[in-house]
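**Student:** We have chain A already, so just place chains B, C and D on it with the hints.
Below, each chain spelled out in residue letters.
There are 4 protein chains.
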Amino acid sequence: MKLRLGMIGGGQGAFIGAVHRIASRIDDEYELVCGALSSDAEKAKASGIALGLDPTRVYSSWKELIEKEKQLPEDVRVQVISIVTPNHVHFEPTKAALEAGFNVILDKPMTFSLAEAKELEKIVKASGKRFCLTHTYTGYPMVKEAKQFVAAGKLGKIRKVYVEYPQGWLSTFLEGEDNKQASWRTDPGKSGIAGAIGDIGTHAFNLAEYISGLHVSKLCADINIVVEGRKLDDDGAALLKFNNGASGVLMASQIAAGDENNIKVRVYGEKGGLEWQQDEANTLLIKWLDKPAEIWRTGGGYLSSFASHNTRVPAGHPEGYLEAFGNLYRNFALTIKADLAGKTPEKEWLDYPGIEEGVRGMAFVENMIASGKSDKKWLDFEI
Amino acid sequence: MKLRLGMIGGGQGAFIGAVHRIASRIDDEYELVCGALSSDAEKAKASGIALGLDPTRVYSSWKELIEKEKQLPEDVRVQVISIVTPNHVHFEPTKAALEAGFNVILDKPMTFSLAEAKELEKIVKASGKRFCLTHTYTGYPMVKEAKQFVAAGKLGKIRKVYVEYPQGWLSTFLEGEDNKQASWRTDPGKSGIAGAIGDIGTHAFNLAEYISGLHVSKLCADINIVVEGRKLDDDGAALLKFNNGASGVLMASQIAAGDENNIKVRVYGEKGGLEWQQDEANTLLIKWLDKPAEIWRTGGGYLSSFASHNTRVPAGHPEGYLEAFGNLYRNFALTIKADLAGKTPEKEWLDYPGIEEGVRGMAFVENMIASGKSDKKWLDFEI
Amino acid sequence: MKLRLGMIGGGQGAFIGAVHRIASRIDDEYELVCGALSSDAEKAKASGIALGLDPTRVYSSWKELIEKEKQLPEDVRVQVISIVTPNHVHFEPTKAALEAGFNVILDKPMTFSLAEAKELEKIVKASGKRFCLTHTYTGYPMVKEAKQFVAAGKLGKIRKVYVEYPQGWLSTFLEGEDNKQASWRTDPGKSGIAGAIGDIGTHAFNLAEYISGLHVSKLCADINIVVEGRKLDDDGAALLKFNNGASGVLMASQIAAGDENNIKVRVYGEKGGLEWQQDEANTLLIKWLDKPAEIWRTGGGYLSSFASHNTRVPAGHPEGYLEAFGNLYRNFALTIKADLAGKTPEKEWLDYPGIEEGVRGMAFVENMIASGKSDKKWLDFEI
Amino acid sequence: MKLRLGMIGGGQGAFIGAVHRIASRIDDEYELVCGALSSDAEKAKASGIALGLDPTRVYSSWKELIEKEKQLPEDVRVQVISIVTPNHVHFEPTKAALEAGFNVILDKPMTFSLAEAKELEKIVKASGKRFCLTHTYTGYPMVKEAKQFVAAGKLGKIRKVYVEYPQGWLSTFLEGEDNKQASWRTDPGKSGIAGAIGDIGTHAFNLAEYISGLHVSKLCADINIVVEGRKLDDDGAALLKFNNGASGVLMASQIAAGDENNIKVRVYGEKGGLEWQQDEANTLLIKWLDKPAEIWRTGGGYLSSFASHNTRVPAGHPEGYLEAFGNLYRNFALTIKADLAGKTPEKEWLDYPGIEEGVRGMAFVENMIASGKSDKKWLDFEI
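First to last, the protein sequences are chains A, B, C and D.
When you line the first sequence up against my numbering, it's residues 7 to 389, in that order.
When you line the second sequence up against my numbering, it's residues 7 to 389, in that order.
When you line the third sequence up against my numbering, it's residues 7 to 389, in that order.
When you line the fourth sequence up against my numbering, it's residues 7 to 389, in that order.
What the hints contain is simulated information worked out from the structure, not anything from laboratory work.
Be a bit skeptical, because a hint or two may be false.
You can't tell identical chains apart in this list, so a pair holds if it fits in one copy or across any two.
[As the list claims (entries may be wrong)] Quick list of in silico lysine-lysine cross-link-like pairs, BS3-like style, CA-CA up to 25 Å:
1. K382 x K224
2. K270 x K297
3. K247 x K379
4. K353 x K196
5. K277 x K237
6. K196 x K69
7. K349 x K379
8. K163 x K237
9. K69 x K160
10. K247 x K224
11. K277 x K186
Pulled out of the complex, with its shape left as it was, chain A reads as follows (with noise of 0.2 Å):
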């Protein structure tokens, strides 16, 4: 049985919603029904026509979608929509969508402020509807060993964590030469009052946080426009104190010219550190103060369930980025047949990033722009 799926943006020129997509079909626990995939209706039909979907389910505004599907039999509406547009796109259409019954997966950053987060919050509370949010990162087996492994007390207390998005490519005035995802990245209007810090600083914030079990709890920022003419940031670094009294770094920047998307974390307790980045995604370094450093490998027969549960092949055929959003799409799908089923959902199933981590990462963006303001070292994270 596979869950219905449905998508709002992502149309024909968006990069993420092919992305989704993907990821949607990989271990074929979704099968795609109804879009609205545009803003622009025209655009909208016709990248739903060339999807293959069925043309009455292609709709002209996610509004549309909503009604209509909510008034489809029970065993034919969309199960599951996933939405992939613009930041300021983000609240309202969830909203509906839980509001209507439907569950959510939902592009991150999560809304275009922390006020509508922390509403969002209470909305998803109130809905008894599964809610997903992409931060792809924690999708990689990996990772998620990371995460057990620091998590089993294995490294000690944990004391320092360093962790960075290098890209480049914003180098230079892309969003003055019609460039669609430049576009919108850098549009106050569009993306709200963060741009590197929201796109790529979110990922790295809940990856420092993912791994290490530990909440920031007071942050301080540089955040610039490096690039003239530019409206919203596209640097920044700040330095983090954790709820357990360690410290930490975090540097996001789409001016490190000939940077890819190399996102590296590194975690260090008493006993040793780990290390995990994506451009060696099926490798996790595990260092010792004592003795030799270790690799692993995903597919290696000494990792934890949450590592294996998300490998599809034998250690040394690489899995990459759309394995990792496949296995956030295929976690959230698991856990609702068992909702589905009356059934509980194994732990495993469980661990994919939700409304918690869009809380946190919508207050991350907007202590991190406050920092950069002001001229006082140490803020609070506040929610």
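**Tutor:** Leaving out everything else, chains B, C and D in the frame of chain A:
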């Protein structure tokens, strides 16, 4: 419009069948409509049901599948059949499928023997249908880039080729432990005359010929059974001569303890060299005599159409083994759809391995085993 | 003709003294003729004898060394004095040596305090003698290439600098275990006001300024004592602003459990970025916005005179830490020999760290510690 | 007390002579006291003066050096003679030096022919003097660790060895361009019957036997002259059989365009494998069948006495080629000093390559060339 896909083999407990199915889904070009998923009728049924197939199109044998599908209306019946059985069940179903008018995707090595391979070549040509052999590694975008780089003469005349495929998983007598993957691969009745040479040696051989654009013309092989009690080779190496006078070395081992699947190829010409390995699949290293080496990366704007056509996400978001496999499926589908539309397929679509590669692969197997037994140094590469 | 070298500090049990001596020997530009190798007179004697020094020139204190050597004939007496004592014994012997007419090589950080550093700057200038501060990493040929690359404008205007020095060796309370290296480095009476920041933070700071050609103008630091009972910082990080408007991040830690000495720097400009790290010391990675990254290698025929002058063996035969250290000694010797010969030293020879770097390094230490204690976000970099 | 060192060959323009001299200085165990640095008497003189040698001990021929030094008082005359001439001037001066009572350090390959090598073996044994052959790579601490690891049985019985030495510097007809290094190496009158096989193949062969603790018993070689006009092989490969039944592959090429000097060895046993390469000289990778691979590092507290004895600086400060070379010199010196003191040298000191390795190396050269010409597949490894 999706192509209607059927599958022979690949039922519960199989490894490569699941990989084929994922590959077929990634780009949404296929719909799995029927299957004869096991030689065990019970298991075939159960597997088909588990996959959500229409029960009337879950068959208990490949013969039944072909016979029954042939009788279905043209717009219902299967269009492409994937055959993912052990080697001894390659030739017959492929022959039957082609002769029934179906396109075929076949797992490698192509057949049980070279004689079968040559016979199959005639059948493919006579059938007028499309045939794809899943030499996965040629699906990687940077492998395609490497081929184009050499073909464009950028390295000058090719002089030396090193190719290797070191695995360690058969370092112990795994076939004695009820391991399905190990059992058939080490069984002469199912694998044919070769073990490692057929299973992974053919991949190495294919990769070397694909990238270099050359053909092996002579070889001198060392073939070993290392693990006591094993019936087929688990290790081998060969000195190679190519048709342009270049020389080479091929290594394939399943007793390289601790190694995973890091197939690697290096090609050297008069002006420079190139290097690709699966562990860094999104990188192609280009080395020059007198200037800095270059790191060519999947997603780079400077890549050929062959690489960019086979890439889904931006540079730095790694694509892996499943996407490489998916590229074979996608290009095969695009080609067949062009056929169906009466159009000429693009050259990038036709760049998937086919019958010629299959014949050469089986010739490689037989020449290697013959050389392993011979006291003569160089054997001509006979087909 | 070899220069006559003397050494203050570096007796039995010391680490860095032995490194200095090897560095002085590699290129055969020096002959060790005298020493006051320990503050313990007995140990100083024993160490000098063990090194095969003329017993009449093994001194029991640095004061004695300077006083006695000064009285020797000009063609016999020491010409260059290496001072490799803990920080609190840097200023006095350096001052005395310079005023006695000797050239000085001094280990970093330069002095116990910034006040001493500024005083020493005057003394150096007044003395007319040469002064070298052993910021080892600037001796690596690919670090020199990086500096030249930036200086030639190949990256365009510099926008971002990341520099890090993660070590793990002080993850435990090693100073409680009779460890000589740990003891003085964590003792405010010997190290000064800083621990990790002085010991390795200064290296990171120097490397960032050396390669970027920029000066830090503001900073905001997080300074931590992580290991219980420790008296000085063992971890720190800072947000940086440079004099051209660029920003940066500096990380230095001695509690990064499992890390060795992989100091790493990344510099990004408008057109591209570069990356160097000690673990791959013979490689300089050059990254571009729109073409493949390049691997520049020690020994490459395409390198600048600054890199090739500091390389001894062909590409691929790695040179390391001792050769980088040796480059400081060699260039200092070539400079002094030119002085003695009344010639102008080549620009490649003069490219060793000196008094200006030392003053900035001590200002870095004091500004970092001040910032660590401050509630104000940005402190001006004051000297 | 330093040993008195003399040098034959290695004058101005030579590469390896300078390397030997640096190696001799690093650990301060030698003092260069005399030399016959060129076969050209003028050049020999000029080179000796440039090195600062006592003019009375700068000789115009190796014969003069040995004759005159023999007549000097025992506490003045040379104790160790380094012979760094091209291959055709190895045997005679080594013989003369040994028979005159001097210890000898000789560059590889040991002699011009196997016959000379076997003759030299007798002379060494008869002389009672110490003899070192500079197979540099065995001086790396992690190579020594690898040998100890295998010898301790940690990998179980060895089954497979891959060793390779790919260089690209002779990709063009460099000997036609007045290149001193290229000229003698490609001249049968100076190199002997082999080019690449003698120059770098012997290193690969020695490394494989050293680490595995095995002896090659059969081989099958492909020997090529790739560059037009060249007189000796510039490329070769061989299938190997070892005396314990293991098999192997050896590759050595000087036309691997773009490659530097990344000699690499992989050894596989029943329980795991190991891997070392010069490009990551301070790392030994240990791979296991069923647990994470381990990164063993120079300077690690867990290493054997053989590795730690040959390391000078803490982990993470890379040591390289010159230090590896220096380890040969140092261990040879420690051994001779023990001899002089009437003590038994430590086993770590005696771990330098000697006459047996030299004889096997020359047998390797002759067997390889013979195999290259033979139609027979396997040739016994004859000495």
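**Student:** Checking each numbered hint in turn, tell me which of them this model violates, lowest number first.
**Tutor:** Hint check: 4, 7 and 9 fail, others pass.
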